[in-house]
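Undergrad: Counting the sequence shown from 1 gives a position; the working numbering is that position plus 1.
Keep in mind that the hints were calculated from the coordinates and are not lab data. Check before you lean on any hint, since a few could be wrong.
Subject to a maximum C-alpha distance of 25 Å in a straight line, what follows is the list of computed SDA-like cross-link-like pairs (lysine to any residue) [to be verified]:
{"hint": "1", "residue 1": "K74", "residue 2": "P147"}
{"hint": "2", "residue 1": "K74", "residue 2": "L15"}
{"hint": "3", "residue 1": "K70", "residue 2": "F100"}
{"hint": "4", "residue 1": "K44", "residue 2": "N131"}
{"hint": "5", "residue 1": "K122", "residue 2": "D46"}
{"hint": "6", "residue 1": "K122", "residue 2": "V37"}
{"hint": "7", "residue 1": "K39", "residue 2": "V158"}
{"hint": "8", "residue 1": "K117", "residue 2": "F137"}
{"hint": "9", "residue 1": "K74", "residue 2": "A55"}
{"hint": "10", "residue 1": "K40", "residue 2": "F54"}
{"hint": "11", "residue 1": "K122", "residue 2": "E112"}
{"hint": "12", "residue 1": "K39", "residue 2": "K117"}
{"hint": "13", "residue 1": "K40", "residue 2": "L94"}
{"hint": "14", "residue 1": "K81", "residue 2": "G102"}
{"hint": "15", "residue 1": "K144", "residue 2": "I134"}
{"hint": "16", "residue 1": "K40", "residue 2": "V110"}
{"hint": "17", "residue 1": "K144", "residue 2": "K40"}
{"hint": "18", "residue 1": "K117", "residue 2": "P147"}
{"hint": "19", "residue 1": "K70", "residue 2": "E172"}
{"hint": "20", "residue 1": "K44", "residue 2": "P63"}
{"hint": "21", "residue 1": "K117", "residue 2": "K44"}
{"hint": "22", "residue 1": "K44", "residue 2": "V24"}
{"hint": "23", "residue 1": "K74", "residue 2": "T11"}
{"hint": "24", "residue 1": "K70", "residue 2": "W162"}
{"hint": "25", "residue 1": "K44", "residue 2": "V28"}
So the derived label-pair ranges between C-beta atoms look like this [what the hints assert, rightly or not]:
{"hint": "26", "residue 1": "P136", "residue 2": "N80", "range": "17 to 23 Å"}
{"hint": "27", "residue 1": "L148", "residue 2": "Q79", "range": "15 to 21 Å"}
{"hint": "28", "residue 1": "A12", "residue 2": "E112", "range": "34 to 40 Å"}
{"hint": "29", "residue 1": "W132", "residue 2": "R4", "range": "16 to 22 Å"}
{"hint": "30", "residue 1": "P147", "residue 2": "K40", "range": "35 to 41 Å"}
{"hint": "31", "residue 1": "K70", "residue 2": "I47", "range": "32 to 38 Å"}
{"hint": "32", "residue 1": "Q79", "residue 2": "K39", "range": "27 to 33 Å"}
{"hint": "33", "residue 1": "F3", "residue 2": "K70", "range": "34 to 40 Å"}
{"hint": "34", "residue 1": "I134", "residue 2": "M2", "range": "41 to 47 Å"}
{"hint": "35", "residue 1": "Y6", "residue 2": "G161", "range": "17 to 23 Å"}
{"hint": "36", "residue 1": "S115", "residue 2": "N80", "range": "44 to 50 Å"}
{"hint": "37", "residue 1": "A12", "residue 2": "I134", "range": "16 to 22 Å"}
{"hint": "38", "residue 1": "A12", "residue 2": "S73", "range": "18 to 24 Å"}
All C-beta atoms, glycine included, are put in the ideal place defined by N, C-alpha and C.
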Amino acid sequence: MFRWYQRSLTARPLLTQSITTAVLFGVGDVTAQQLVEKKGLEKHDIARTGRMFAYGGAVFGPAATTWFKILSKRVVLQNKNAEILARVACDQLLFAPTFIGVFLSSMAVLEGGSPKEKLEKSYFPALLTNWMIWPFVQMVNFKFVPLHHRVLAVNVVSIGWNCYLSLINSE
């Protein structure tokens, strides 16, 4: 399976990372509904899972793939530890605040709700929680994970994060 993924990643990196992201965003929502909310299969909100899947594949996967490439090309310092800290700072001060807003707004629109209300209610709690988790994850990611596997590494950690996002979005 890993060889297939590697070949796909080499042949079509953006598509491969987008599909992987879609699947893992869906898994995060299923985890939220089944393990955290304990909805059971009969009460599972398949449309909610579909929205998470679609957002992951159409928005976050391509954006994260492009973002990691930009960081690797534009944030280059002689001191590699300073470079990692600079990349984490860019990620947490530019990408994270933007894409938490994009996520919440997108979900509100897809659900027929008000993006303004969703942002007022959930944006800052989500951003603060993000800052408790992701700087440490990204330090490890930027230090040890090759560029072509960074989205996958983020996606694996994101199963829990997407479970959280799905929960705050559904409140």
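Undergrad: Of all the hints numbered above, which does this structure not satisfy? Sort the numbers upward.
TA: Hints 4, 8, 9, 12, 13, 14, 17, 18, 19, 20, 21, 29, 32, 33, 34 and 37 not satisfied by this model.
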